[in-house]
Amino acid sequence: MYHHNNSFYLLITKKKNPIIFGFSLFPCRCGRLQGDVATAEDETSRELSVSELLERANRDRNPDLDEPILIGGDIAIKSEAERNADPCTARGCLWNKWTDGKVYIPYFIANQYSSREQAIIIRGLESFSSMSCIRFRPYQNGDYEWLSIESRNGCYSSVGRQGGAQTVSLARSGCLYHGTVQHELLHALGFNHEQTRSDRDNHIRVQWENIIEDMKYNFNKIATLNQGTSYDYGSVMQYHKYAFSKNNQPTMVPIPNSNVPFGQATQMSQNDIDRLNRLYQC
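In full-length UniProt numbering, the protein residues as written are 1 to 282.
No lab work stands behind these hints, which were simulated from the structure alone. If you're wondering where the values come from, they're calculated on a predicted model, not measured in any experiment. Heads up, a few of these hints could be off.
[Said to hold, decoys possible] Taking lysine to any residue pairs in the SDA-like style, the calculated list, with each CA pair at most 20 Å apart, reads:
#: 1; residue 1: Lys78; residue 2: Asn220
#: 2; residue 1: Lys246; residue 2: Asp214
#: 3; residue 1: Lys102; residue 2: Ser130
#: 4; residue 1: Lys102; residue 2: Asp60
#: 5; residue 1: Lys97; residue 2: Cys133
#: 6; residue 1: Lys97; residue 2: Tyr144
#: 7; residue 1: Lys246; residue 2: Val206
Could you put together the complete structure from these sequences and hints?
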């Protein structure tokens, strides 16, 4: 029996793949029965960038008492003290590499999801295997740290390895898209948003006057490790030009060419992949 975030899970291990049964102390806020979920990855949502999907999913978020504070729209932090710092950089947060050169990261998927929804999540997890040394694998008895993928309130993840059971929230309503899964997993692997890069002022101009007042902290720069790669307007971690706008005016403008499209990614870019491989020395 495993208890996490006011939910109970019974893990029955059969060789490599566990069978997971669970129930929550909180009532489901899904809004629909499992067989009547709005179609994931529908045609309308495919036209939206990951950034737009995340903002839409988290806009009216109503968190439970045990859920974390979010910064940057979808980054979970444990306390207000972390709001203006990068705990990943300060603490060190990479997942361990094994002697075979692979980075194995255990996960389990809560039984809140339909088989189709699970398939979307698993496709996102498995996409890392074809482009890096990252190997997400199902939870096994004896694992002491893993990603607990759950349908909580909105889409969010901590940055980097936290130790123990680490929640990645992919709400059934709004978060189940391939690029969104990749985005949250990149957070869990140690990545921040592109617009918070230490060199961002050389590539975008933040329009502070257009940002919602209590959202301005989301544009604070972080002492990021850029892995010798250039700023990537096409990164799946780059937010769109109207993110956190209070007046429907752009909050970010690319420089020196203001016409460069950005924040439109629907999945990981080649630059995202290159950085991941450099960070983990794949």
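Right, here's what the structure says about each hint:
{"no.": "1", "hint": "Lys78 <-> Asn220", "verdict": "18 Å, holds"}
{"no.": "2", "hint": "Lys246 <-> Asp214", "verdict": "10 Å, holds"}
{"no.": "3", "hint": "Lys102 <-> Ser130", "verdict": "12 Å, holds"}
{"no.": "4", "hint": "Lys102 <-> Asp60", "verdict": "39 Å, violated"}
{"no.": "5", "hint": "Lys97 <-> Cys133", "verdict": "9 Å, holds"}
{"no.": "6", "hint": "Lys97 <-> Tyr144", "verdict": "15 Å, holds"}
{"no.": "7", "hint": "Lys246 <-> Val206", "verdict": "14 Å, holds"}
When the structure is compared with the earlier hints, a violation turns up for hint 4 alone.
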